[in-house]
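Assemble chain B onto chain A, guided by the hints.
Protein chains in written order, with this note's numbering: chain A, 325 to 436; chain B, 440 to 554.
FYI, nobody ran anything at the bench for these hints, they're computed from the structure. We put the beta carbon where it would ideally sit given N, CA and C, even for glycine.
Here are some chain A residues pointing at chain B (derived, C-beta under 8 Å):
id : residue
1  : Q358
2  : R366
3  : G367
4  : P368
5  : F370
6  : L373
7  : L413
8  : S422
9  : K423
10 : I424
11 : F426
12 : G427
13 : G429
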Amino acid sequence: SQKIEQNSEALNIQEGKTATLTCNYTNYSPAYLQWYRQDPGRGPVFLLLIRENEKEKRKERLKVTFDTTLKQSLFHITASQPADSATYLCALDDSSASKIIFGSGTRLSIRP
Amino acid sequence: NAGVMQNPRHLVRRRGQEARLRCSPMKGHSHVYWYRQLPEEGLKFMVYLQKENIIDESGMPKERFSAEFPKEGPSILRIQQVVRGDSAAYFCASSPDTIYNSPLHFGNGTRLTVT
Numbered sequence: 325s326q327k328i329e330q331n332s333e334a335l336n337i338q339e340g341k342t343a344t345l346t347c348n349y350t351n352y353s354p355a356y357l358q359w360y361r362q363d364p365g366r367g368p369v370f371l372l373l374i375r376e377n378e379k380e381k382r383k384e385r386l387k388v389t390f391d392t393t394l395k396q397s398l399f400h401i402t403a404s405q406p407a408d409s410a411t412y413l414c415a416l417d418d419s420s421a422s423k424i425i426f427g428s429g430t431r432l433s434i435r436p
Numbered sequence: 440n441a442g443v444m445q446n447p448r449h450l451v452r453r454r455g456q457e458a459r460l461r462c463s464p465m466k467g468h469s470h471v472y473w474y475r476q477l478p479e480e481g482l483k484f485m486v487y488l489q490k491e492n493i494i495d496e497s498g499m500p501k502e503r504f505s506a507e508f509p510k511e512g513p514s515i516l517r518i519q520q521v522v523r524g525d526s527a528a529y530f531c532a533s534s535p536d537t538i539y540n541s542p543l544h545f546g547n548g549t550r551l552t553v554t
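So here's chain A without its partners, still in its complex pose (with noise of 0.2 Å):
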């Protein structure tokens, strides 16, 4: 079956260190893949995109990678900071290419 998994358990993280989050999916080949932040009581809000033909995809203290063989991608943060703290999605297109389907999120909390 298709899925798509992100760490369960909450991250936690001391200010200035980096925080690196997983996704993982099974049984999908997309096109691209998108990572948005989620703050409670709020709809989430795109940070980054990137496609299966690129390998990483930096943006300010951003950093996306993206493994089409491992089926993975890894979202860095680097020297965190407490406003970091949210729920971070991952989401790629469906095989029919009609939809973008979310993972789980990872809640992320960045300790001053």
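Showing chain B alone in chain A's frame:
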């Protein structure tokens, strides 16, 4: 430039009533998606619409749920004869183009509570 607007933000309905959730996409966006989120869970795809057309409704229950995106006006997600299990946050997202070219812009959701 206003973002995706959803209303109401909170909606309380008794079992058996109808719930109507509205979504105004960003200006210039002709693609609308509806997702449902239960507490501590991810977003579950429900339906994808373009103006006047349902493109993919594979995530929407066959009974009681319907969606539309008319030529004029907001997209509407309609739930008839609500049951307690319909209680959730419903998010709408829009994009200007197909999913291959555009990320999704989300509203802040409608929280439906069925009593």
